[in-house]
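Visitor: Next come the chains, spelled out residue by residue.
Number of protein chains: 2
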Amino acid sequence: MDKSFILNKTSPRSSARRGWLLTTHGQVETPVFCPVGSQATVKTLTPEDLKSVNVNMILSNTYHLYLRPGIPVVKEMGGLHKFMNWDGVILTDSGGYQIFSLANLRKLDEGGVSFRSHIDGSTRYITPEDAVSFQQDLGSDIAMVLDECPHSEASENEVLAAMERTHQWAKRCLAAHTLKSQHLFAIVQGGLSPVLRQQSAEYLASLDFPGYALGGLSLGEPKDITFETVRHTLRFLPGNKPRYLMGVGAPEDLLEGVSCGVDIFDCVLPTRVARNGAFFSRLGRLNIRNASFATQKGPVDPECNCYTCRNYSAAYLHHLFRCEEILAYRLATIHNVAFLSNLMQEVRTSIEKDCFEEFKGDFLARYQPTNESVRIEQKQKWLSARSGETPS
Amino acid sequence: MDKSFILNKTSPRSSARRGWLLTTHGQVETPVFCPVGSQATVKTLTPEDLKSVNVNMILSNTYHLYLRPGIPVVKEMGGLHKFMNWDGVILTDSGGYQIFSLANLRKLDEGGVSFRSHIDGSTRYITPEDAVSFQQDLGSDIAMVLDECPHSEASENEVLAAMERTHQWAKRCLAAHTLKSQHLFAIVQGGLSPVLRQQSAEYLASLDFPGYALGGLSLGEPKDITFETVRHTLRFLPGNKPRYLMGVGAPEDLLEGVSCGVDIFDCVLPTRVARNGAFFSRLGRLNIRNASFATQKGPVDPECNCYTCRNYSAAYLHHLFRCEEILAYRLATIHNVAFLSNLMQEVRTSIEKDCFEEFKGDFLARYQPTNESVRIEQKQKWLSARSGETPS
Numbered sequence: 001m002d003k004s005f006i007l008n009k010t011s012p013r014s015s016a017r018r019g020w021l022l023t024t025h026g027q028v029e030t031p032v033f034c035p036v037g038s039q040a041t042v043k044t045l046t047p048e049d050l051k052s053v054n055v056n057m058i059l060s061n062t063y064h065l066y067l068r069p070g071i072p073v074v075k076e077m078g079g080l081h082k083f084m085n086w087d088g089v090i091l092t093d094s095g096g097y098q099i100f101s102l103a104n105l106r107k108l109d110e111g112g113v114s115f116r117s118h119i120d121g122s123t124r125y126i127t128p129e130d131a132v133s134f135q136q137d138l139g140s141d142i143a144m145v146l147d148e149c150p151h152s153e154a155s156e157n158e159v160l161a162a163m164e165r166t167h168q169w170a171k172r173c174l175a176a177h178t179l180k181s182q183h184l185f186a187i188v189q190g191g192l193s194p195v196l197r198q199q200s201a202e203y204l205a206s207l208d209f210p211g212y213a214l215g216g217l218s219l220g221e222p223k224d225i226t227f228e229t230v231r232h233t234l235r236f237l238p239g240n241k242p243r244y245l246m247g248v249g250a251p252e253d254l255l256e257g258v259s260c261g262v263d264i265f266d267c268v269l270p271t272r273v274a275r276n277g278a279f280f281s282r283l284g285r286l287n288i289r290n291a292s293f294a295t296q297k298g299p300v301d302p303e304c305n306c307y308t309c310r311n312y313s314a315a316y317l318h319h320l321f322r323c324e325e326i327l328a329y330r331l332a333t334i335h336n337v338a339f340l341s342n343l344m345q346e347v348r349t350s351i352e353k354d355c356f357e358e359f360k361g362d363f364l365a366r367y368q369p370t371n372e373s374v375r376i377e378q379k380q381k382w383l384s385a386r387s388g389e390t391p392s
Numbered sequence: 001m002d003k004s005f006i007l008n009k010t011s012p013r014s015s016a017r018r019g020w021l022l023t024t025h026g027q028v029e030t031p032v033f034c035p036v037g038s039q040a041t042v043k044t045l046t047p048e049d050l051k052s053v054n055v056n057m058i059l060s061n062t063y064h065l066y067l068r069p070g071i072p073v074v075k076e077m078g079g080l081h082k083f084m085n086w087d088g089v090i091l092t093d094s095g096g097y098q099i100f101s102l103a104n105l106r107k108l109d110e111g112g113v114s115f116r117s118h119i120d121g122s123t124r125y126i127t128p129e130d131a132v133s134f135q136q137d138l139g140s141d142i143a144m145v146l147d148e149c150p151h152s153e154a155s156e157n158e159v160l161a162a163m164e165r166t167h168q169w170a171k172r173c174l175a176a177h178t179l180k181s182q183h184l185f186a187i188v189q190g191g192l193s194p195v196l197r198q199q200s201a202e203y204l205a206s207l208d209f210p211g212y213a214l215g216g217l218s219l220g221e222p223k224d225i226t227f228e229t230v231r232h233t234l235r236f237l238p239g240n241k242p243r244y245l246m247g248v249g250a251p252e253d254l255l256e257g258v259s260c261g262v263d264i265f266d267c268v269l270p271t272r273v274a275r276n277g278a279f280f281s282r283l284g285r286l287n288i289r290n291a292s293f294a295t296q297k298g299p300v301d302p303e304c305n306c307y308t309c310r311n312y313s314a315a316y317l318h319h320l321f322r323c324e325e326i327l328a329y330r331l332a333t334i335h336n337v338a339f340l341s342n343l344m345q346e347v348r349t350s351i352e353k354d355c356f357e358e359f360k361g362d363f364l365a366r367y368q369p370t371n372e373s374v375r376i377e378q379k380q381k382w383l384s385a386r387s388g389e390t391p392s
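These protein sequence lines map, in sequence, to chains A and B. Quick note on our numbering: the first sequence kicks off at 1 and runs consecutively. Quick note on our numbering: the second sequence kicks off at 1 and runs consecutively.
There could be a bad hint or two in this list.
It does not matter which identical chain is meant; a pair holds if it fits inside one copy or across any two.
[To be verified] Straight-line Cα separation of at most 20 Å, PhoX-like style, residue types lysine-lysine; simulated pairs:
#, residue 1, residue 2
1, Lys-75, Lys-297
2, Lys-297, Lys-82
3, Lys-379, Lys-171
4, Lys-75, Lys-180
5, Lys-180, Lys-3
None of these hints come from the bench; they were simulated from the model.
Only chain A is shown next, with the shape it has when bound in the complex (with noise of 0.2 Å):
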């Protein structure tokens, strides 16, 4: 695979692309959300749920596989694809997100990093090297290099140390990285500083990797930063090459991104709330435990054409999930991910026919976002619970 990506059109009025992510296992409409599959299930869903909902490309994490099953048993089992039956596109994450959320279980040093595994407390070790390994091993069809991705209060000199580290690694991973059939992407880092931001665009899109992707960013600064350090750094990325933003998935989200010139997003929002009984709509998001709910008769959501809207009513659902039973979860988490699935759909046929803006516009104009603060303080008090915990 010696190219990764075609870009077919960027939008006159905004820097939002069509493009294909060109992999192993296929092609990908871009721009693309991807479900997450942690520990090699995107949870509650079966490879044929994913389908049904026109997903071909989903995340999975090293660092969990790493520790369970362990990677020489995935690698054993023919790799990821085969272990977990999914035949589509599989991007990995390399772990430096989740072992740089261990807050105090883990020490830095030139070579690597140690931390303690979250589930037994054993003492661990992983240089890049390592996690371009344990990639390979995975056959993912997109590894990422290792990174340090520095917490949201850390200081400058933190946050341009962690950058540097971050460079050093990265050309370190692109030296071990041998598996032709695998595309190795980078991670720019640099926190909310514009100079360091740019620096190290510049300087990773030097090494000429096949795709750049943004860390770093999402964990709980707000929005109107996010994005602008996003477009202000994708100004220093090759425009041939695919953009990808990490850990970003609410509706209004990704259709800001999509605006600012990015071609690929995960995001653990739309499983993890569905699994709270939150419903993505039009409107917002519906929290399926409302009495309003308890005797509906229609969907939760009339304008879905989803398995869980055809088939249920809200009053069922609203059932399900008061008796916490597992079907709840299933169903809701079908229905997000078909969500997200149709929104990018229509973000794609839009910037084809030259309207995204339009779309972008008349979506924002109906959707209701989750409170701004209320956001923030949920994801400060996400983070700082699973610092530590189980990283995500």
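Go by the hints and put chain B onto chain A.
Guide: Showing chain B alone in chain A's frame:
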């Protein structure tokens, strides 16, 4: 629905019967095993999942639906079939078994039974007429009379009193039942006493119900006594009516029940143990958590052709269970329900071909049942844990 049953054939060398159960939602080949969907869902499965393993009849629990979402809600939503999107056959129990499992939480009088909800502790009162009315509102295909199920250590006098009350209540249920599209089945009680069992069967047979269940069995007594009681009781029930043995679902017990002349079975066993990682196989139950499965490339049960065994290695299932991934519970449930569905299909075919007894012998020669003393201990633990807690 006047006629409830067509008896095709009785095995010449045992009492095994091959027949058809006739209902408003279609005919069901008997002997049949019904998976349990207590709360209007067979845990983890969709209706499509059930159909994919050739299940067309399930059991649901009036007690659970009465508490959540409440009978009026299900009625308002168009009945239980529509509510849960299941167009197959539904048998509902009356709630008697659950209420009488609530040990200290219930109180009897001539009119009915008062009890405390295991969910919110609220006091409720149900009469036999209520139990019929609830099931008519649910619109199940087969309804059960409200019975008193004595606990396994009840004295002979208590068993006698429970039987007599069950008889009075059966008469009242029959008088209250008006829904022509629904069959109302009686429940034979009488504990382990041959005299009382005969008396109960004869009395209820005289009331001419369209079908008869055997209640108060499989509550921890030794299995040979269970089936001695079944065999004895069935002699006093009309041969042209379907016979239903409540709460039996282990493979070896299904075969024994069939050889006694039982037509219908239900049990939470296959779905409950699935969620605990136990997979049925022709050799016995396999515990997928065992380390021996960690790298097994083949399916957990090489003789099975279900969705789970066709698509996933034992190693992957082992991994999902270790990680407590929700998908694990569905994949295991599909397998166990498929296993019993296939087993009953083979049972029916063997009766047709006059070789049921050979089939049973061959099956039991290979199948290693869960150790009898372990089984009784587990059952006792389960029964005492649930008295006053969540009845199944």
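Visitor: Give a verdict on every hint.
Guide: Outcome of the hint check:
In this homomeric assembly, Lys-75 and Lys-297 come within 20 Å of each other (Cα to Cα) only across copies, at 12 Å, whereas the closest approach inside a single copy is 48 Å. For a Cα distance limit of 20 Å, the shortest separation of Lys-297 from Lys-82 across copies, 10 Å, qualifies, whereas the shortest one inside one copy, 41 Å, does not. Within a single copy, Lys-379 and Lys-171 get their C-alpha atoms no closer than 32 Å, and across copies no closer than 61 Å, so neither meets the 20 Å cut-off. In this assembly of identical chains, the alpha carbons of Lys-75 and Lys-180 lie at most 20 Å apart only when taken from the same copy (17 Å versus 61 Å across copies).
For a Cα distance limit of 20 Å, the shortest separation of Lys-180 from Lys-3 inside one copy, 11 Å, qualifies, whereas the shortest one across copies, 69 Å, does not.
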